[in-house]
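In order, the protein sequences belong to chains A and G. Numbering of the first sequence is given in our numbering, commencing with residue 5 and proceeding in unit increments. Numbering of the second sequence is given in our numbering, commencing with residue 954 and proceeding in unit increments.
Hint data in this document are derived by calculation from the structure and do not stem from the laboratory. As the structure is a computational prediction, the values presented were derived from the model and not from experiment. Mixed in with the good hints, there may be bad ones.
[Stated by the list, open to error] Cβ-to-Cβ under 8 Å is the rule here; a few derived chain A residues that face chain G:
#1 45
#2 59
#3 94
#4 106
#5 111
Every residue, glycine too, gets a C-beta built ideally from N, C-alpha and C.
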Amino acid sequence: DAGVTQSPTHLIKTRGQHVTLRCSPISGHKSVSWYQQVLGQGPQFIFQYYEKEERGRGNFPDRFSARQFPNYSSELNVNALLLGDSALYLCASTTSGGLSSYEQYFGPGTRLTVT
Amino acid sequence: GENVEQHPSTLSVQEGDSAVIKCTYSDSASNYFPWYKQELGKGPQLIIDIRSNVGEKKDQRIAVTLNKTAKHFSLHITETQPEDSAVYFCAASKAGRRALTFGSGTRLQVQP
Chain A
5 DAGVTQSPTH LIKTRGQHVT LRCSPISGHK SVSWYQQVLG QGPQFIFQYY
55 EKEERGRGNF PDRFSARQFP NYSSELNVNA LLLGDSALYL CASTTSGGLS
105 SYEQYFGPGT RLTVT
Chain G
954 GENVEQHPST LSVQEGDSAV IKCTYSDSAS NYFPWYKQEL GKGPQLIIDI
1004 RSNVGEKKDQ RIAVTLNKTA KHFSLHITET QPEDSAVYFC AASKAGRRAL
1054 TFGSGTRLQV QP
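Whole structure, please, built from the sequences with the hints as guidance.
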């Protein structure tokens, strides 16, 4: 079975631009979470979506937004890019958004560089 | 919010030795504690997890222990092999909060 897939693998953008990152969860998984991993640090939670609804949000500015589609894939959008947005953006999928579900399986990430 | 501290930041062992990585958490309501292995250029890979109703869990050469009273949990790797070399992250979450809070990572190097 295919794992979590993300696209693109790498991306270079200029300050002030907008970026869209994409994620497809493991087949049968209905929940997607997004994390930002700055070099040398642990991942930080940005969003979780389940059944197209936002179920959790981390401490990130409104420049960050996301959505989930009927096929459970998801997009992360970042507006007005700053140099500090340079990071590895990780997508994780979970079987459901219920309180009893915990295991999160990560994709390979999208490496975003802002110049 | 939850805070997870992880030690050591780097760990070098000889092949065949054991490795231990320790984490502490701040929120006593946390009840799920996974460990991830991240190799260069890849996403984190879930290697083992433990829930708060269990004190220890083993999977072949890997084990995790949890002390709820002290709010700390540890990863134990026995008979280390060069392919165990990677960055390991601990994390914590709780029912009703869907986010994982990660530690800062431990770079494990297994010398052949």
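Comparing the hints with the structure gives:
no., hint, in the structure
1, 45, "6 Å, holds"
2, 59, "6 Å, holds"
3, 94, "6 Å, holds"
4, 106, "4 Å, holds"
5, 111, "5 Å, holds"
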